[in-house]
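Q: Listed below, chain by chain, are the residues.
2 protein chains.
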Amino acid sequence: MLTLYHMQESGNCYKLRLAMNQLGEPFDLVDIDIMKGESRTPDFLARINANGRVPVLRLADGRLLPESNAALCYLADGTPLLPDDRFERADTLRWMFFEQYSHEPYIAVARFWRVFAPCGGASKADRFPEWMERGRDALSVMERHLAERPWLAAGRYTVADIALYAYTHVADEGGFDLAPYPAVRAWLARVAAQPGHVPMSWRPS
Amino acid sequence: MLTLYHMQESGNCYKLRLAMNQLGEPFDLVDIDIMKGESRTPDFLARINANGRVPVLRLADGRLLPESNAALCYLADGTPLLPDDRFERADTLRWMFFEQYSHEPYIAVARFWRVFAPCGGASKADRFPEWMERGRDALSVMERHLAERPWLAAGRYTVADIALYAYTHVADEGGFDLAPYPAVRAWLARVAAQPGHVPMSWRPS
Chain A
339 MLTLYHMQES GNCYKLRLAM NQLGEPFDLV DIDIMKGESR TPDFLARINA
389 NGRVPVLRLA DGRLLPESNA ALCYLADGTP LLPDDRFERA DTLRWMFFEQ
439 YSHEPYIAVA RFWRVFAPCG GASKADRFPE WMERGRDALS VMERHLAERP
489 WLAAGRYTVA DIALYAYTHV ADEGGFDLAP YPAVRAWLAR VAAQPGHVPM
539 SWRPS
Chain B
339 MLTLYHMQES GNCYKLRLAM NQLGEPFDLV DIDIMKGESR TPDFLARINA
389 NGRVPVLRLA DGRLLPESNA ALCYLADGTP LLPDDRFERA DTLRWMFFEQ
439 YSHEPYIAVA RFWRVFAPCG GASKADRFPE WMERGRDALS VMERHLAERP
489 WLAAGRYTVA DIALYAYTHV ADEGGFDLAP YPAVRAWLAR VAAQPGHVPM
539 SWRPS
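First to last, the sequence lines map onto chains A and B.
Sequential numbering of the first sequence, starting at 339, is according to this note's numbering.
Sequential numbering of the second sequence, starting at 339, is according to this note's numbering.
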């Protein structure tokens with residue numbers, strides 16, 4: 339059985355809960371409260387992830403996979419969620435690297451500080467203008483791409499869509515207005531209509 | 339023939355020149371000077387990469403792959419540089435996502451502002467302490483991992499090593515002292531001793 343070290347409110351962790359449900363993969367959860375420092379204890383750093391982050395996927399044999407998008411690729415390998423074709427697979431990865439470099443550091447980080455940090459992230463007030471500008475840049479790149487095609491890569495729903503859905507669908511919590519991005523909003527609705535889709539609050543029973 | 343839109347001094351672009359040389363893959367170069375805004379012209383944004391970045395790999399049939407690590411995976415697919423085994427492949431990706439999220443935004447960005455920006459990045463002086471702290475965190479994660487094994491993933495030289503070599507080997511240009519990281523320095527020497535290794539300044543003749 340797979341085990342996921344996760345935090346319920348983390349979009350990066352949500353990617354893996356969603357994918358495992360859609361793939362029919364049973365899993366256990368270990369809750370890690372990053373606000374209480376539980377991903378940075380000496381034990382967690384020594385045994386689970388030296389980089390001090392969740393999610394981490396633990397395989398049945400004990401091997402560990404940090405990095406949400408790497409774990410997504412592991413889960414989806416050999417399924418329709420990760421293309422076999424050489425170019426399509428790389429193009430799927432292209433959007434997953436875009437997500438981690440050009441999207442998450444602004445859209446997820448703004449949400450984190452607004453929703454989870456004390457005083458709505460007042461201590462980071464000087465950083466919000468850059469986060470908002472770069473987050474809107476990322477949404478614009480997605481808008482332009484999705485205005486011409488239904489899915490990010492390979493002409494079908496893949497782990498690239500799961501990766502970018504995770505924080506885009508709660509971008510409003512970071513202060514982003516999705517009204518100027520109609521193609522992104524239509525794509526969010528398509529993702530949410532996929533078989534086996536579950537919301538961020540879902541946990542296996 | 340492959341074509342690489344690149345900037346010579348960019349570590350992200352170097353990854354692909356190095357991999358293509360090691361794979362015996364001939365390629366053309368198109369120089370893009372990001373300091374002159376050449377990756378953000380209307381034409382570049384419309385035809386090459388809406389995200390306004392290099393590298394972008396163009397295939398012989400015209401298809402385009404932005405994101406250095408996605409293009410690395412395309413190039414290495416089916417070769418020993420990218421493992422076939424499901425876990426080893428995901429573990430290779432794990433280090434490539436680590437590179438783009440936890441390493442490049444600090445170690446490469448500090449180098450960019452110190453070396454390429456006017457006045458050594460004086461306008462970003464308030465950001466350097468965070469970049470240095472987080473960059474050292476990333477080097478510590480690598481140190482701990484490489485103290486116990488010669489390569490980052492799969493027990494052999496892979497695209498994960500290429501991805502992390504690119505900016506680690508010039509970390510000193512960003513102000514990072516590698517003296518406290520002996521395992522990282524030994525790994526840098528192992529990477530540089532691989533067949534077909536070329537320095538960042540190399541271009542195909």
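None of these hints come from the bench; they were simulated from the model.
There's no promise every hint is true.
It does not matter which identical chain is used: a pair holds within one copy or between any two.
[Stated by the list, open to error] Taking lysine to any residue pairs in the SDA-like style, the calculated list, with each CA pair at most 25 angstroms apart, reads: (1) Lys462 with Pro542; (2) Lys462 with Arg472; (3) Lys374 with Pro520; (4) Lys374 with Ser478; (5) Lys462 with Thr341; (6) Lys462 with Phe450; (7) Lys462 with Pro443; (8) Lys374 with Val447.
Q: Taking the hints in turn, state whether each one holds.
A: Hint by hint, here is what the structure shows:
1. Taking identical chains as interchangeable, the C-alpha atoms of Lys462 and Pro542 are never at most 25 angstroms apart, the minima being 35 angstroms within one chain and 46 angstroms between chains.
2. When the C-alpha separation of Lys462 and Arg472 is checked against a cutoff of 25 angstroms, the pair qualifies both within a copy, at 16 angstroms, and between copies, at 17 angstroms.
3. For the identical chains of this complex, Lys374 and Pro520 are neighbours neither inside a copy (38 angstroms) nor across copies (33 angstroms), given an alpha-carbon limit of 25 angstroms.
4. Taking the closest pair of Cα atoms, Lys374 and Ser478 come within 25 angstroms of each other only across two copies (23 angstroms); inside a single copy the shortest separation is 35 angstroms, beyond that limit.
5. For the identical chains of this complex, Lys462 and Thr341 are neighbours neither inside a copy (34 angstroms) nor across copies (42 angstroms), given an alpha-carbon limit of 25 angstroms.
6. In the homo-oligomer, the alpha carbons of Lys462 and Phe450 lie at most 25 angstroms apart both inside one protomer (11 angstroms) and across protomers (23 angstroms), since each shortest distance falls under that limit.
7. For a Cα distance limit of 25 angstroms, the shortest separation of Lys462 from Pro443 qualifies both inside one copy, at 14 angstroms, and across copies, at 18 angstroms.
8. For the identical chains of this complex, Lys374 and Val447 are intra-copy neighbours only, at 18 angstroms inside a copy versus 30 angstroms across copies, given an alpha-carbon limit of 25 angstroms.
Of the numbered hints listed earlier, those contradicted by the structure are 1, 3 and 5.
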